[in-house]
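Q: Read off the chains here:
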Amino acid sequence: MKKEILKLRGLKVHFPVQAGVFNRVVGHVLAVDGVDLDIFRGEVLGLAGESGCGKTTLGKAILRLVEPTDGEVKYISQDDDETELTSLEKKDMDPFRKKLQIVFQDPHSSLNPSFTIFGSLQDPLKKFGIKSKEERRKIIGDLLEAVNMRREYMDRYPHEFSGGQRQRIGIVRALCLEPELIVCDEAVSALDVSIQAQVLKLLMQLKKEKNLTYLFITHDLSVTEYLCDRIAVMYLGRIVELCDSEDLYNNTLHPYSEALISAIPVADLDKQTKRIVLEGDVPSPVNPPKGCPFHPRCPKATDICKTEVPTLKKYSTNGNEHYASCHLIDLPEIS
Amino acid sequence: MAKSSLDKKFDQIRKREEEKTFSTKKRSRIVNKFLNNRLAVLGLIIFTIIILASIFAPLLSPYDPMRVDLRSMRQPPSFDHWFGTDSTGRDVFTRVLFGGRVSIFIGLGSAILSAVVGIAVGCYAGYKGGWIDVIALRISEIFMSFPQIILVLLLVSITGQSLFNLMAIFILTGWGGMYRLARARMLSLREEEYVQALRSFGLSTFTICYKHMLPNALSPIMVNITLSTAMFILTEAGLSFLGLGVPLNIPTWGNILNVAQDILILQNYWWMWGPVGIVISVFVLCVNFIGDGLRDSTDPSQQG
Ligand SMILES: Nc1ncnc2c1ncn2[C@@H]1O[C@H](COP(=O)(O)OP(=O)(O)OP(=O)(O)O)[C@@H](O)[C@H]1O
Ligand code: SF4
Ligand SMILES: [Mg+2]
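Protein chains in written order, with the numbering used here: chain A, 784 to 1118; chain B, 10 to 313.
Rather than coming from a laboratory, the hints here were simulated on the basis of the structure. One or more hints might be untrue.
[Said to hold, decoys possible] So the derived list for chain B, only partly shown, Cβ under 7 Å to chain A, looks like this:
| id | residue |
| --- | --- |
| 1 | S197 |
| 2 | E201 |
| 3 | Y203 |
| 4 | Q205 |
| 5 | S209 |
| 6 | F210 |
| 7 | L212 |
| 8 | P229 |
| 9 | D301 |
| 10 | R304 |
| 11 | T307 |
[To be verified] A few chain A residues that face chain B, going by a derived Cβ cut-off under 7 Å, partial list only:
| id | residue |
| --- | --- |
| 12 | L846 |
| 13 | L848 |
| 14 | T869 |
| 15 | E872 |
| 16 | M876 |
| 17 | D877 |
| 18 | P878 |
| 19 | R880 |
| 20 | I885 |
| 21 | S893 |
| 22 | S897 |
| 23 | F901 |
| 24 | Q905 |
| 25 | D906 |
| 26 | L908 |
Bear in mind that the values here come from a model prediction, so they are computed numbers and not experimental data. By construction, the Cβ of each residue, glycine as well, lies at the ideal position given by its N, Cα and C atoms.
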């Protein structure tokens, strides 16, 4: 039986846009604009979409690294206790900060250049009650070995490491308090392709060993197919399609996902499908288009798309739940 | 099975990593770059000599900087009196040494203290943002736009001339620059991912900004401290020359220079103001060389 670990309800993050001498607020970037999403314990949920569609912001909002403007983030513990995180006082967040962690994209800014690895990692451990230095060294050393690095590396400075090594150290940091869910924000995008594969395998191995749940953010759908159990496709701050990863490739419902999938380079020449070229850039999240946010670029757009906003509806493909938001889906909606 | 092949691949990577010699420590790279800058090294050497000479002034000179000796008034430089004597027979060389103590103390002390105040406010406000930042920014603007000389006149007329009043004025007018520097660094640092990571652990603002971020903001601040030291020493000399700085009975470089106000002395007794003027210029120049050297060696965009 699948159990949720996080339930996002109507989550919104709007950044004010300021202009003029007096920093007047002239508008809002609707970085995340009403996201409903359940993440199940033990799954790998992919979150895909073009650059700027709000993936990172969504990940940060879950950890409250940015404050959500509206909506709920509910954490469900192993004993089914539900806690709403966005309304908690800062200090009451602590027990949940342990459970939710993040691995960042850029290996060059993800480690503090002035501290050794141990130096930057020990404060969080100290804060969460590991008082003795030996114990802290042991935890960090063990984790370094778990990501195939040497214990001694903990006394080195970040500039002594390569990008792939830094990324593995970033993983150690995320793991050091034994979290339940890790947001991997394009954790491998900045690495060489050969190293990418290693780090991905490592992440999957760690997931198995430590019973982790991943929210795996990526703009590259070719990676997600093999890693993710389910995939959510995001466009302009909203989720437009959410389904099992197999169904996303074989029973695509949303025109935007279709376009993304067709852009994946295919090795097998026979399977080469016609590439759908998306015209124009992603519209500004300050003034998203009326109606379906995708309609100016959608090859299938009709009149209704320009006026009415499609909602995320539930369908069934291949016997699995399949959510999509498009007016032109001719499958029966299920409730 | 899959796991062991993964392990094997990692072992290969690991071996390669270990064979590669690790680059030397970051700190020593900065030191090396600094040492390659001839002017900076020269500056550092002369700077050190002047400071040591001031500190060990009593060992280097048999005279008392304050003692009046009417038998040897206005003597030109000689073996006994290297820089000659002044109108009351005091040894000018001794006075330059002892004056250095006070002048350097004022310059360096004001620079460091304004840096401490500026950093303390700037780090917090820059990291936190919001209304704290807005208020601190406005206050710093008020202090920075207030003319130093008027502030000096004001304070001198209210509380009288004293060394500490002068330092207080330097700090009041000087912390704003440091604050802005620290704040600007923090604004860019706080978006770095390692800061986000620390926040994701819920560490306190103090730990994050003063312990983890500040070390990465220090190098431009160090440069600024050296440059402000030079500026404060010059300002002290200027104000004391005008009789507004440190009380005249305390020897400082500016107070020694003060005698040059007398046209007779300016024309006839060059040793009373010449050497001290040169010492001030040389010292300030050296401090600026050191500052430039520090800036070049810590600037990440000039790595290599
Ligand atoms: N702190 C902020 N202040 C204002 N706008 C922001 C802020 N952070 C993000 N944004 C805006 O929110 C939108 C979504 O940004 P986000 O970083 O979440 O996108 P992303 O999907 O992660 O993109 P990428 O693939 O490039 O990482 C962008 O338009 C961005 O400019
Ligand atoms: S609703 Fe219309 S514009 Fe939007 S994705 Fe569907 S077909 Fe395209
Ligand atoms: Mg991103």
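Q: Per the CB criterion, is L212/B less than 7 Å away from chain A?
A: holds (6 Å)
Q: Should the interface hint for M876/A be scored as holding, given a Cβ-Cβ cut-off of 7 Å against chain B?
A: holds (6 Å)
Q: Regarding the hint that Q205/B lies at the interface with chain A, is the smallest CB-CB distance below 7 Å?
A: holds (6 Å)
Q: Hint D906/A vs chain B: min CB-CB distance below 7 Å?
A: This interface hint holds because 6 Å falls under the 7 Å limit.
Q: Does Q905/A hold up as a contact with chain B if the rule is Cβ-Cβ below 7 Å?
A: violated (11 Å)
Q: Taking 7 Å as the limit, does the beta-carbon of R304/B come near enough to a beta-carbon in chain A?
A: Result: violated, 18 Å to nearest chain A Cβ.
Q: Measuring from the C-beta of P878/A to each C-beta in chain B, is the shortest one below 7 Å?
A: violated (10 Å)
Q: Once the shortest beta carbon distance from S893/A to chain B is found, is it less than 7 Å?
A: holds (4 Å)
Q: So, as I understand it, the hint says T307/B touches chain A; can you test that by seeing if any CB pair is closer than 7 Å?
A: Because about 12 Å separates T307/B from the closest Cβ in chain A, which is outside the 7 Å limit, the hint is violated.
Q: Close enough to count: is the Cβ of L846/A nearer than 7 Å to one in chain B?
A: This hint holds: L846/A lies near chain B, its Cβ roughly 5 Å from the closest one there, short of 7 Å.
Q: Does S897/A pass the interface hint, meaning its C-beta sits closer than 7 Å to a C-beta of chain B?
A: Hint holds; S897/A Cβ to chain B Cβ min 4 Å, cut 7 Å.
Q: Would the hint on D877/A stand, with a C-beta cut-off of 7 Å toward chain B?
A: Holds. Min distance 5 Å.
Hints 1, 8, 9, 10, 11, 14, 15, 18, 23, 24 and 26 from the list above are not met by this structure, while the remaining hints are.
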